[in-house]
Each structure stands twice: as structure tokens, then as C-alpha cells.
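*Asks:* Protein chains in written order, with the working numbering: chain A, 1 to 351; chain B, 1 to 274.
Take these hints with a grain of salt, some might be off.
As the list claims (entries may be wrong) - PhoX-like cross-link-like pairs, simulated, lysine-lysine; straight-line CA separation at most 20 Å:
#, chain 1, residue 1, chain 2, residue 2
1, A, Lys128, A, Lys340
2, B, Lys159, A, Lys340
3, B, Lys117, B, Lys44
4, A, Lys340, A, Lys351
5, B, Lys159, A, Lys311
Bear in mind the hints are in silico, worked out from the structure with no lab data behind them.
One-letter residues, chain by chain:
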Amino acid sequence: MSHRFLTTMGGLAVVTAAALLPTAPVAGQPESSAAKTTGAAQTWTLPRTADGQPDLQGVWDFRTITPLERPKALGTKAFFTEEEAANFEKQENRRQNRDLIDSEHGSELYPHGGVVPYNEAWYDRGTKIVGSKRTSLIVDPPDGRLPALTPEGQKAADLRAAWQRNNQTGHTEADSWEDRPLQERCILGLNSGPPMTPGPYNNDFQLFQAPDYVVILNEMVHDARIVPMDGRPHLSIRQWKGDSRGHWDGNTLVVDTTNFKRETSLAGSSANTHLIERFTRTGANTLLYEFTVEDPTVWTRPWTAVIPISKSEDPLYEFACHEGNYAMAGILAGARAREKAEEEAAKKESK
Amino acid sequence: MRILSRAAGLVRAAAASITALHLCVMATASQAEAYKAPRTADGKPDLNGIWQALNTANWDIQEHAARPGQVVALGAVGAVPAGLGVVEGNEIPYLPAAAAKKTENFENRLTADPEIKCYLPGVPRAAYMPYPFQIVQTPNYILMAYEYAGATRTIYMDKAPPSPADSWMGHSVGHWDGDTLVVDVTSLNDQTWFDRAGNFHSDALHVVERYTPLSPGALAYEATIEDPKVFSRPWKMSMPIYRHLEKNAQLLEFKCVEFAEELMYGHLRKQPSK
């Protein structure tokens, strides 16, 4: 992809996000980049399916190293310069490289004595920031960070942070599988949400369109979200992936999802989430994915993220997560073995 | 089915069932000739919809009388419903060692059936499990999404990539033979069963499926099974598959992992300290 083209996508991201939330202030970056590239836009025509829908079909790859939230140190900086972007990529790729984590001394990602569960060979994360050079995937609030938490959201976040610390220092909480996250149980993919957010691997999905349905098939944990497009009402039951309904807003596919059973793999979300996703084809090889999360149980206001996505030439493969989940038995057995060892040590001491 | 005594009865029963199946298949084929399915926008027979088999093949693909379940607490709820079977001719041509293995599987079915652990069902079992599945038909890909375990498979209608490895749902390549969708399925692993009665296959399994529109509400489904490590010759299953006509039909989640966790990991749960 050319730099010029990526800039176009960035410009679109800002414009469409602003349109989605008309009350949100537009982030302070020149949106003129969209105008600069009209020449490129003219050479491409939106493809359509045989029945006339905008054709968004294909395998799409949403990997990026741009974080969901803008790093605090960047303050009000919404976009990197070219040089800053290159530096950020270099630092971030180094910071995230599991093979460079010294577990003995710890690091920002893993505390002292931490256990690094996978080495770098297992990762297939993005190594580049998004073409707009935004410093976060979140575009609203304009500071690029998740909104303030409600008291209930804060309580859940504190519990999650404690769980995470215990997990990384080998004090794994594993009384049963219910102490483990949904992705370890192979109930939801860790990046398939909904909404989808870039993760360590399997950042791909395939989009299928039939006259009354759109299907979003994530490779991660073979999650197929089948979205009826016929205007039927939402269900009254709750499901892990919620209940999705779709419609076209011009050339944009809008997917509205409610009725979640509990949190999804989106960190911090609750069953009360109302998710609005927007998929817009912006070029032969590009798709813009925007989503807005309204979850008044957790966050004090809605928030929106924008992720430019690229076409992939690779097929999706089967991700038989549960079938190969030897880790779950290992985690639980490990916890039991640790308890036994601690019990025996305590007995010895008391003698 | 009637309860018949000994050899003579068995022979009669087999003959009767063969005739019945034969007639059924004949009827199916002639109906299919008479019926022309509606077309998709790109001119192919339109198989889009939510479908489900209406038989007891998932309990046992062969003809079987009702029998008790294996969990006493489930009583009548856990019992096996009777069925005429879906195997053409009813006989499955197991090689001798494989026939012994099938018997062993049947005896151990309470612990050995992969469905109990919520494992992906494989092909063709996915098509006749007692859950609906949805066909999402596009010109180059046909997605089959199954309610059971959220299983999916993509049928490549054009430019299939090579299969990198064996998998639970296999590698599916399709083409149209008149109004019939023909799917060639390979790269299946040896971990799935055909039913809850222990009918099984090896990793040499090759399945050719045929989906033929019979009427607006039904498809004729056929699966030819070839596996030289387990069977002495190819054999075939056939059955109708019906369309869900409910206006609000939709696949719901049956993420059964959570229903199998206590069974699979319960022994590793922390016990209250004494």
C-alpha cells in the first residue's frame, strides 16, 4: 500500500467518525488529506454484488500496532509525524517482542519473576501503525482514551488488574475454569469481540454476503456472526456474541448488536453493551471498520474506535481451539499441584 | 421396527429395509428432475436458507430400535429414539478389525463420543445433527454455518487453496452438477464419529456430498463415504434435509464448551479444604 493511499483512509476515518457522533469535537488534525487524494479515489469504483449491494466480501486483516488507547505520555498528540511514527513502531515492536523480555528482571509488560507464556514465534501481530498515523484507534473521546469509568466499571477494572498481576507472577487464579477468561476457555476469540480489536494473532475475518444476511467469520475460535439484514427485531434472549442486526446506510454496512450474555473479549465490556459497527469499503484492498460502544454500566459516555483494514490473499484456516485446549487442564492441574506443595511445606514447617 | 426373531427375521428385515430405501431414493431422484430451484442473482440454484435433517441418524446412522440411554438420571429424556437409518442398504462395509473397533466404540460411547466433549462434528455428521445449519451462498464461496458448537466450513467454488493439514471440518471444494451442489471433502482428521453409536472413520476419509433441491422446502442430501483403511468399499448415506419455514428462523448460539467443562475438567476443580 502506498503512503498516499493510507493517508486517504486516515482522512476518511476522521470524517466518518465525526459524522457518526455529530456532537463530538473533531480531533485537531488537518482533514485536507482527504481532498489531496481525490485522484486516487477516482480510479476505483465500489464493486457490487450481483443483487446490487456494495461488495465487501473477502478475507480482511485488521492487524496493527497502533494501540486502542493513546499512550498517556503523548498527551494531546493525536497524530504522529513520519519520524515519530517510525520511532514508535521501532520501540513498540521491541517492547512487545516476547523473546526480548527478561523475566528475571521484569519489564513493563511482565513484572519481576513473571512468567512469559509464549515466545515470539507464536505471534502474528501487526508491526505497523495505521496509515493515518493516529496515535490511538480510539478517535472519540478526542483524547484517544477510554472514557471515565463508572463506579461499577472501576470496581471491575480493579479486579481485572489484580487478576492480571496474579496471573503474570505465577499466582494464577484457577480454582476452576470459571476463573479463566473466555478466550482461554475457547468460548470467545480474544480479538473477535465483538467488536473486533487487533490482537496477537489471527487478526483476520472473512465477510460473506447473501441477499438477506451478512456473515462476519473470524478465524479466531471459528466465530461466525450471522447478521440478518431484513429489519427483524432483536431477540429477547442473551448470547455470548449478542444478537446482531444489520442494514445499509448508503454504502456502509451498519451492524447493531445488543443482548450480550456478559462481557465479550473486549476488555472491560459488560452485558449492557450496545455495539454499533460500521464497515465501509474504501478501495480495492481497503475497508474501514468503525465501532461505537455504549455501555453505561462501565463507561460514563460512548466511545468510538476506527481501524483501517487491508485485504488479505490468505484463506482462513480452522481454529479448533477447544479441541486442542490442553492448556486448560494444564492450568488447573498446575494450580492444584501448587496448592499441594504449599500445604506440604506448611506441614513441614509446623512440625 | 418389529421385533423379529433370529436369522430369518434379520434377513427379512434387511431385505425390507433395502427395498424401502431403494423406493425412497427413486422417488427422491424423480422429484428432483421435476423441480427446478429458484436462482441466485448470479444464476445458480439458490440453496440459501436455514436447514435441518429430521431423522435420528445422529444417534445411529443405521436402522435401530429405540433403546435406553446410559445415564439413569435422565430416564426417558436420555433414551435413543428409533430410526430407519440413512445408510443405503443399511450395511456399513467395515473391514474386520474396524468392525471390532466399532463395537468397542459403541460400548464406550458414554466416554468416547466426541460430541459429548463438544468437539467439532466433522463431515457428514454436521449435516444431520439435531440442530439447524445455515447455507450462505456467494458466487465463489459457500459458507455452511452449523448451530452445533458454532462449527463452520467454507466450500471453495473457485480457486481452492491447498489444504495445509487435516482438520475437524476438512477441506471442501464444490462445483455444480446441474442443480446439484457437489462437494468434495478431504483432509478430515480421524477424531470425529458418524454418530453416537460409534460408527467411525480414519484420516483417509473422503466424502462426496450432493445437495439437490427437491422442492422449495427440501433438499436431497447424499454423502458417499470412502475410507480404504476402515471400509472394504465405498458406501452411501442419503436423506432429505428440510428448510426452516419460520419467518424469524435464525441460528442461535450453541456454544457447548461451557456444557462440557465440568465433565472434562471437573476433576481438576479446587476441592474445599478439609
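*Asks:* Please go over all the hints and tell whether each is borne out by the structure.
*Replies:* Right, here's what the structure says about each hint:
1. Lys128(A) to Lys340(A): Answer violated: Lys128(A) to Lys340(A) is near 46 Å, above 20 Å.
2. Lys159(B) to Lys340(A): Roughly 56 Å between the alpha carbons, so the hint for Lys159(B) and Lys340(A) is violated.
3. Lys117(B) to Lys44(B): Answer violated: Lys117(B) to Lys44(B) is near 38 Å, above 20 Å.
4. Lys340(A) to Lys351(A): 17 Å, holds
5. Lys159(B) to Lys311(A): 17 Å, holds
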